[in-house]
Amino acid sequence: MTPLLELKNVVSGYGSIRALKDVSATVDPGEAVAIIGSNGAGKSTMLKTVCGLVRPFQGQIVFNGKDITGWEAERVAAAGIALVPEGRRVFPRMTVLENLLLGAYTRTDRAAISEDLDKMYDLFPKLYELKARMAGSLSGGEQQMLAFARALMSKPRLLLLDEPSMGLAPIIVSQIYNTIATIRKAGVTIVLVEQNAKLALSAVDRAYVMETGRIVLEGRPEEILQDQKVMRAYLGVS
Amino acid sequence: MSAYQQQILILTGINVISALGLSLISGFTGQLSLGHAGFFGVGAYISALLTTKAQLPFALALVVGAFSAGLAGLVVGFPTLRLKGDYLAIATLGFGEIMRVLALNLKITGGPVGIRGIPHSTWPSTVILLAVLAYLLLKKLIDSHVGKTFIAVREDETAAEAMGLDTARVKISAFVIGAIYAGVAGGLYAHYIRYINPSILGFMKSIEILCMVVLGGMGSLPGTVAGTVILTVTPELLRSVSPLISQYRQVIYGVLLIVLMLCRPQGLFGGATYKRERHVPAWKLWGRRESANDIAQR
Numbered sequence: 001m002t003p004l005l006e007l008k009n010v011v012s013g014y015g016s017i018r019a020l021k022d023v024s025a026t027v028d029p030g031e032a033v034a035i036i037g038s039n040g041a042g043k044s045t046m047l048k049t050v051c052g053l054v055r056p057f058q059g060q061i062v063f064n065g066k067d068i069t070g071w072e073a074e075r076v077a078a079a080g081i082a083l084v085p086e087g088r089r090v091f092p093r094m095t096v097l098e099n100l101l102l103g104a105y106t107r108t109d110r111a112a113i114s115e116d117l118d119k120m121y122d123l124f125p126k127l128y129e130l131k132a133r134m135a136g137s138l139s140g141g142e143q144q145m146l147a148f149a150r151a152l153m154s155k156p157r158l159l160l161l162d163e164p165s166m167g168l169a170p171i172i173v174s175q176i177y178n179t180i181a182t183i184r185k186a187g188v189t190i191v192l193v194e195q196n197a198k199l200a201l202s203a204v205d206r207a208y209v210m211e212t213g214r215i216v217l218e219g220r221p222e223e224i225l226q227d228q229k230v231m232r233a234y235l236g237v238s
Numbered sequence: 001m002s003a004y005q006q007q008i009l010i011l012t013g014i015n016v017i018s019a020l021g022l023s024l025i026s027g028f029t030g031q032l033s034l035g036h037a038g039f040f041g042v043g044a045y046i047s048a049l050l051t052t053k054a055q056l057p058f059a060l061a062l063v064v065g066a067f068s069a070g071l072a073g074l075v076v077g078f079p080t081l082r083l084k085g086d087y088l089a090i091a092t093l094g095f096g097e098i099m100r101v102l103a104l105n106l107k108i109t110g111g112p113v114g115i116r117g118i119p120h121s122t123w124p125s126t127v128i129l130l131a132v133l134a135y136l137l138l139k140k141l142i143d144s145h146v147g148k149t150f151i152a153v154r155e156d157e158t159a160a161e162a163m164g165l166d167t168a169r170v171k172i173s174a175f176v177i178g179a180i181y182a183g184v185a186g187g188l189y190a191h192y193i194r195y196i197n198p199s200i201l202g203f204m205k206s207i208e209i210l211c212m213v214v215l216g217g218m219g220s221l222p223g224t225v226a227g228t229v230i231l232t233v234t235p236e237l238l239r240s241v242s243p244l245i246s247q248y249r250q251v252i253y254g255v256l257l258i259v260l261m262l263c264r265p266q267g268l269f270g271g272a273t274y275k276r277e278r279h280v281p282a283w284k285l286w287g288r289r290e291s292a293n294d295i296a297q298r
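One line per chain: the protein sequences are A and B, in this order. Taking my numbering, I'd label the letters of the first sequence as residues 1 to 238. Taking my numbering, I'd label the letters of the second sequence as residues 1 to 298.
Please keep in mind that the hints were generated in silico from the structure rather than gathered at the bench. Hints may contain errors.
[Claimed, not checked] Quick list of in silico lysine to any residue cross-link-like pairs, SDA-like style, CA-CA up to 20 Å:
no. : chain 1 : residue 1 : chain 2 : residue 2
1   : A       : Lys21     : A       : Asn64
2   : A       : Lys155    : B       : Asp166
3   : B       : Lys84     : B       : Gly94
4   : A       : Lys66     : A       : Ala78
5   : A       : Lys155    : B       : His145
6   : B       : Lys84     : A       : Lys119
7   : A       : Lys8      : A       : Gly219
8   : A       : Lys119    : A       : Arg107
9   : A       : Lys155    : A       : Asp116
10  : B       : Lys205    : B       : Leu32
11  : B       : Lys84     : A       : Pro92
12  : B       : Lys84     : A       : Leu53
13  : B       : Lys84     : A       : Val54
14  : A       : Lys119    : A       : Arg157
15  : A       : Lys198    : A       : Lys229
16  : B       : Lys205    : B       : Lys53
17  : B       : Lys139    : A       : Arg93
18  : B       : Lys53     : B       : Asn105
19  : A       : Lys185    : A       : Pro221
20  : A       : Lys155    : A       : Lys229
21  : A       : Lys119    : A       : Thr182
22  : A       : Lys119    : A       : Ser165
23  : B       : Lys84     : A       : Tyr14
24  : A       : Lys126    : A       : Ser165
25  : A       : Lys198    : A       : Glu86
26  : B       : Lys84     : A       : Arg89
27  : A       : Lys185    : A       : Pro3
28  : B       : Lys140    : A       : Arg93
29  : A       : Lys155    : A       : Ser114
30  : A       : Lys66     : A       : Glu86
[To be verified] Covered, in the sense of this in silico footprint (three residues per stretch, anywhere, with C-beta under 8 Å from a C-beta of chain B), are these stretches of chain A:
no. : region
31  : 72–79
32  : 196–203
[Stated by the list, open to error] Derived Cβ-Cβ restraints for the label pairs, each shown as a range:
no. : chain 1 : residue 1 : chain 2 : residue 2 : range
33  : A       : Asp205    : B       : Leu137    : 31 to 41 Å
34  : B       : Arg82     : A       : Ala181    : 32 to 42 Å
35  : A       : Gln226    : B       : Tyr87     : 46 to 56 Å
36  : B       : Leu129    : A       : Gly187    : 54 to 64 Å
37  : A       : Gly40     : B       : Tyr87     : 20 to 30 Å
Beta carbons are placed, not taken as given, at the ideal position from N, Cα and C, and that holds for glycine.
If we strip away everything but chain A, and leave its shape as in the complex, we get (with noise of 0.2 Å):
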């Protein structure tokens, strides 16, 4: 099978600086991936990379047979891939509604886009609710769930799912999970950035683990999850 996305001996960073050092990844169609790693491992710079937030140094990124190294970040959004950032992001002195709508920003087949706003409205029927209320305004978990929704509404290929878990109440965290396995049945490809291994472990068919810039692990989770010593020294879980 020929992947929707791979990475080819990519270097990149910040200026001087390298966070990603000659990595190599392949994401197949209707996968879901798991980047796990520590701290400054360079997890968030792949998926900015991926997305164009941040230009390649070398190497070359191949997106559905198209060859979308250096593309700028409105470009790859066109091209189908979408990005819920860390920290979720949304816009917040707009309502939800326009939230959504921007999401959509690159479509324009508009009857398709009030379906899909139906769609969004099913996955999440508290955004409806929601929907004339400021994205400022409301609570973590449900601007996690816009940040998502708004990722949605560009109908991507592949999406990018960064830190998704970061500053969430449990209960929350655990529902942000159910709603990245009903979006996986819906049959999109899936990049999920973890500093919560287990957790993430637990959401994806395969994972790559990553350490200073470099992918040191790829695997099925229940063999990431085996080997104590690559547990221990690069997650920290005993």
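Take the given structure of chain A and dock chain B to it, following the hints.
Then chain B, alone, in the frame of chain A:
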């Protein structure tokens, strides 16, 4: 109406048009600009030169002046794209100063003397009509789907980029449209006062307009108008109360600004978007019919 009252009315209208332009740039798109007088000056000088030197009709000169200002907005917009917040403010400040120094030193602009004998073509009806038109056009823009992209850039530029917005284009559009507004205001001003010199390009003029936008509330159109009317009319009202107050009117004006900012840091109308629930039905925006959800809830 006395000639004096008419003058206040006209200057208020001109300031409203200019402030609406800055409102789009700073209030809605979040790009702090301290060079608005520069755009105003381009509109004023170009249109004045066209009517005095080239004998062009006023309406045409006003349009050309406005588009020249828009072009200046494009020129400012591009190099400053990567700048944010205070850095952008300083760069736009630099633009305003360049325009002032140019007007001061070029032969064609008349140097420090400026341009005299500009035909009187701006009448109250012209100003009121254009101010209302400027307001309605901007309101239509802000309420449209495109308008939301300006606000999205203000709210979170990175997130907007990840949504697929071309944030560079959004910011440049804001600068160009805002500059056109200032250019129209400048053209009207030149053909009302009939005499312009480089002082209209001064830094304080940019600050004055920014005060109007901030006082009214960043990101509010009625607020921008209210702020402009208050800050244009109040100094004149204070002038006419009593000789004592008249003497101290600039002090009172300053105190008023401080008190207002202390009491309502979000501006007169600024908080409204936060608290008021806006029930914009989805079908209004996208031609959406009632969803299964609506029907189920009955």
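Here is what the structure says about each hint:
The straight-line distance between the Cα atoms of A/Lys21 and A/Asn64 is roughly 24 Å, outside the 20 Å bound, and the hint therefore fails. Straight-line distance between C-alpha atoms of A/Lys155 and B/Asp166 comes to about 18 Å, which keeps the hinted pair within the 20 Å bound. For the proposed pair B/Lys84 and B/Gly94, the alpha carbon gap of about 15 Å is at most 20 Å, so the pair holds. Proposed proximity of A/Lys66 and A/Ala78 is supported: the alpha carbons are some 13 Å apart, at most 20 Å.
With a CA separation close to 18 Å, the supplied pair A/Lys155 and B/His145 stays within the 20 Å bound. Using a Cα cut-off of 20 Å, the hinted pair B/Lys84 and A/Lys119 is violated, with the two alpha carbons roughly 37 Å apart. About 18 Å separates the Cα atoms of A/Lys8 and A/Gly219, which keeps this hinted pair within 20 Å; it holds. Annotation: proposed proximity of A/Lys119 to A/Arg107 holds, straight-line Cα distance about 16 Å (limit 20 Å).
Only pairs whose Cα atoms come within 20 Å are accepted, and A/Lys155 paired with A/Asp116 is accepted, the gap being roughly 8 Å. Under the criterion of a C-alpha separation no larger than 20 Å, the hint pairing B/Lys205 with B/Leu32 is consistent with the structure, at around 15 Å. Restraint check for B/Lys84 and A/Pro92: satisfied, since their Cα atoms lie roughly 19 Å apart, inside the 20 Å limit. With a CA separation close to 17 Å, the supplied pair B/Lys84 and A/Leu53 stays within the 20 Å bound.
In summary, the hint linking B/Lys84 to A/Val54 is supported, as the alpha carbons are separated by about 18 Å, within the 20 Å threshold. Of the supplied pair hints, the one linking A/Lys119 and A/Arg157 holds, its CA atoms being roughly 17 Å apart against a limit of 20 Å. About 15 Å separates the Cα atoms of A/Lys198 and A/Lys229, which keeps this hinted pair within 20 Å; it holds. Proximity of B/Lys205 to B/Lys53 is assessed by CA-CA distance (about 26 Å); at most 20 Å being required, the pair is judged violated.
Taken as a hint, the B/Lys139 and A/Arg93 pair is honoured in the structure, with Cα atoms around 17 Å apart against an allowance of 20 Å. Restraint check for B/Lys53 and B/Asn105: satisfied, since their Cα atoms lie roughly 18 Å apart, inside the 20 Å limit. Between A/Lys185 and A/Pro221 the CA atoms are separated by roughly 18 Å; this keeps the pair inside 20 Å, and the hint holds. Taken as a hint, the A/Lys155 and A/Lys229 pair is broken in the structure, with Cα atoms around 40 Å apart against an allowance of 20 Å.
The suggested pairing of A/Lys119 with A/Thr182 holds, with an alpha-carbon distance near 12 Å, which does not exceed 20 Å. In summary, the hint linking A/Lys119 to A/Ser165 is not supported, as the alpha carbons are separated by about 23 Å, beyond the 20 Å threshold. The suggested pairing of B/Lys84 with A/Tyr14 holds, with an alpha-carbon distance near 18 Å, which does not exceed 20 Å. Proximity of A/Lys126 to A/Ser165 is assessed by CA-CA distance (about 19 Å); at most 20 Å being required, the pair is judged to hold.
Restraint check for A/Lys198 and A/Glu86: the C-alpha separation of about 19 Å stays at or below 20 Å, so the hint holds. Restraint check: the Cα-Cα separation between B/Lys84 and A/Arg89 comes to about 18 Å, which is no more than 20 Å; the hinted pair holds. Annotation: proposed proximity of A/Lys185 to A/Pro3 holds, straight-line Cα distance about 19 Å (limit 20 Å). With a C-alpha separation of about 19 Å, the suggested pairing of B/Lys140 with A/Arg93 holds against the 20 Å cut-off.
For the suggested pair A/Lys155 and A/Ser114, the alpha carbons sit about 12 Å apart, so the restraint of at most 20 Å is met. For the proposed pair A/Lys66 and A/Glu86, the alpha carbon gap of about 26 Å is over 20 Å, so the pair is violated. Coverage of a stretch by a chain is defined here by at least three residues with a beta carbon nearer than 8 Å to that chain's beta carbons; for the region 72–79 of chain A and chain B the count is 5, and the condition holds. With a cut-off of 8 Å between beta carbons, the region 196–203 of chain A has 0 residues touching chain B; three or more are needed, and the interface restraint is violated.
The given range of 31 to 41 Å is broken by A/Asp205 and B/Leu137, whose C-beta atoms sit roughly 53 Å from each other. Look at B/Arg82 against A/Ala181: about 41 Å separates their beta carbons, and that is inside 32 to 42 Å. Under the hint 46 to 56 Å, the C-beta atoms of A/Gln226 and B/Tyr87, about 52 Å apart, fit the expected range. Against the hinted window of 54 to 64 Å, the Cβ-Cβ separation of B/Leu129 and A/Gly187 comes to about 56 Å, which satisfies the hint.
The given range of 20 to 30 Å is respected by A/Gly40 and B/Tyr87, whose C-beta atoms sit roughly 28 Å from each other.
Violated hints, in rising order: 1, 6, 16, 20, 22, 30, 32, 33; the structure is consistent with all others.
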